[in-house]
Amino acid sequence: MAPWLVTGAEGGVATVDVKRRPRPHGIAYLISVVCYALMLLPLVAIVFYSFLAPGDASDIRQWSFTLDWYRALTLDESIMQALKTSLLVAVSASLGSTCLGLFGALALHRSRFSGSELVTGLATLPLALPELVLGLASVIWFGITGLSLGISTVIIGHITLTTAYVVTVINARLSDFDSSVIDAASDLGATPWQVARRVTIPLLAPAIGAGAMMAFALSFDDFMISFFTAGVDEDTLPMRIYSMIRFGINREIYALSTALILLTASGLGVSSWLRKRSFHQ
Amino acid sequence: MVGIYSFLERGPYGDIIWQPTLANYARALDPLYLRIYRKSFLLAASTTAVCALLGLPLAYTIATAAKRWQPSLMGLLMVPFLTNFVVRVYAIRLILAAEGPINLGLLSLGLITEPIMMTDSTMAVALGMITNYLPFMVLPIYVVFEKFDFAIIEAAKDLGAKGWPVFSRVILPLAKPGLLSGLSLVFVPVLGEYMIPDLLGGAKTLMLGGLITEQFLRVRDWPFGAALAMILCIAMVSVLWLQHRYRGTMASHGSGGRSGYSRR
Chain D
1 MAPWLVTGAE
11 GGVATVDVKR
21 RPRPHGIAYL
31 ISVVCYALML
41 LPLVAIVFYS
51 FLAPGDASDI
61 RQWSFTLDWY
71 RALTLDESIM
81 QALKTSLLVA
91 VSASLGSTCL
101 GLFGALALHR
111 SRFSGSELVT
121 GLATLPLALP
131 ELVLGLASVI
141 WFGITGLSLG
151 ISTVIIGHIT
161 LTTAYVVTVI
171 NARLSDFDSS
181 VIDAASDLGA
191 TPWQVARRVT
201 IPLLAPAIGA
211 GAMMAFALSF
221 DDFMISFFTA
231 GVDEDTLPMR
241 IYSMIRFGIN
251 REIYALSTAL
261 ILLTASGLGV
271 SSWLRKRSFH
281 Q
Chain Y
282 MVGIYSFLER
292 GPYGDIIWQP
302 TLANYARALD
312 PLYLRIYRKS
322 FLLAASTTAV
332 CALLGLPLAY
342 TIATAAKRWQ
352 PSLMGLLMVP
362 FLTNFVVRVY
372 AIRLILAAEG
382 PINLGLLSLG
392 LITEPIMMTD
402 STMAVALGMI
412 TNYLPFMVLP
422 IYVVFEKFDF
432 AIIEAAKDLG
442 AKGWPVFSRV
452 ILPLAKPGLL
462 SGLSLVFVPV
472 LGEYMIPDLL
482 GGAKTLMLGG
492 LITEQFLRVR
502 DWPFGAALAM
512 ILCIAMVSVL
522 WLQHRYRGTM
532 ASHGSGGRSG
542 YSRR
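Quick mapping for you: the protein sequence lines, in order, are chains D and Y.
Its first residue numbered 1, the first sequence is counted upward by one per residue in this note's numbering.
Its first residue numbered 282, the second sequence is counted upward by one per residue in this note's numbering.
Keep in mind that the hints are not guaranteed to be accurate.
To be verified - Simulated pairs of lysine-lysine, DSBU-like, Cα-Cα distance not exceeding 30 Å: (1) Lys348/Y - Lys276/D; (2) Lys428/Y - Lys276/D; (3) Lys443/Y - Lys348/Y; (4) Lys438/Y - Lys320/Y.
As the list claims (entries may be wrong) - In silico contact screen, one side only, chain D against chain Y (beta carbon under 8 Å); selected entries: (5) Ile31; (6) Ile46; (7) Ile156; (8) Met224; (9) Ile241.
Calculated from the structure, these hints are not laboratory results.
Since the model is a prediction, treat every value here as computed from it, not as a measurement.
Every residue gets a Cβ at the ideal spot worked out from N, C-alpha and C, and that includes glycine.
Work out the full structure: start from the sequences and follow the hints.
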């Protein structure tokens, strides 16, 4: 527990904040403000520009605001198609890597064969490799196996990346997992399937959930692997945005970006609210 | 697979001839490419340095802020961190664009009469790298700061240390494990970055990541691209290995501890 958590006179826990916390130097404050400005102002600018009506932007007196770009966005077939592709890929990659990662982590945890360290290392290798290398390794591999590039190769490519994260998350949970409960369950006559369904999986549920969500987020955000493995016909949302930027389409991207920023912010808000609620229970 | 490909020859039509060769590596040492490596390396090193200079005070400020403010401060850091990567890069492009807020501000104040072209430059690439990778520096340092008892700093002050010594003798050594994680978490991906130089640097600034992608998707010289990718991997592995070694010697002096933050 943190040192500022002390037991009060009535035996309840009271949080005594600060006092012991030093005040940072003025320069540290200044730098912090600069950092936040650097990271947040671009996003604020994009949100602002997404509401700006067309016309000469350089004259502030002529500014007017509109929702046209958002309307154009919902009518744009290619964006909606890319969004569907992205969601399909992210859901499949998340499901696939959660299953693979769960069984992989369990197998590696329960058996200590001579190469198990190496297998764990290899499974988590994509964490250390740059996505660029992962992308081109996948495309070479698909070239040799003769799979034609398309949505399925994107999913496979994403699974190689996201499985590494799932294995890491579940492994972390397994490492402080008391495996005697599994032995106890089987001693009491549970079949392996019952052990998995009634003991192991419920105990691992938070890690499985966290891994699945992480895999979804990673896959939805990924550009590099999709870029290499998608071939010519399929576009995920980040790829679509990238080619729109390349073709110089501006205002619609602002609207789309704003939607994605709001999505991220609300996702974060919901997750922190959930955490706070489970903390208070 | 990438390793094997790097030793193969390229056929006249972009196909692959299964015959081992070192020619790809010999070609990769051409002065033309050496210049690109040097530029990528310098950019990665300076980005990492700037991120460290900005990230350390930021992590310290967040960690010493009142408890109830910390979630919000972290949240403000996480929103850009988790927002789609392409969107973040594009947002920087907008800031610097001819019709972007900086140029509009300067124009309306009458300080300039023509918009300044700020995109498509190495400066724009560096700015993009710094803003995108700053959270990778801040998070591991924050994790370290969050755990330690700030009474140490009070104690140092009580014992007569002021200003710089408090920082260099107390804060910096304590932050070291986080700082080290941060250094490699920033340096490694920046070295192989493709999109930021591509969208912010224009045609003039070709970096290692762009060069490899070019070989694969446009030139279709896969073996040469694979050789370049192997060079990139070797560079990264050696950075991680150096860090590991350094951590090892540090751990034997009694500090250490790894923070489990990974990349985006």
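For this session: Would you pick out the hints that fail for this structure and give their numbers low to high?
Result: 4, 7
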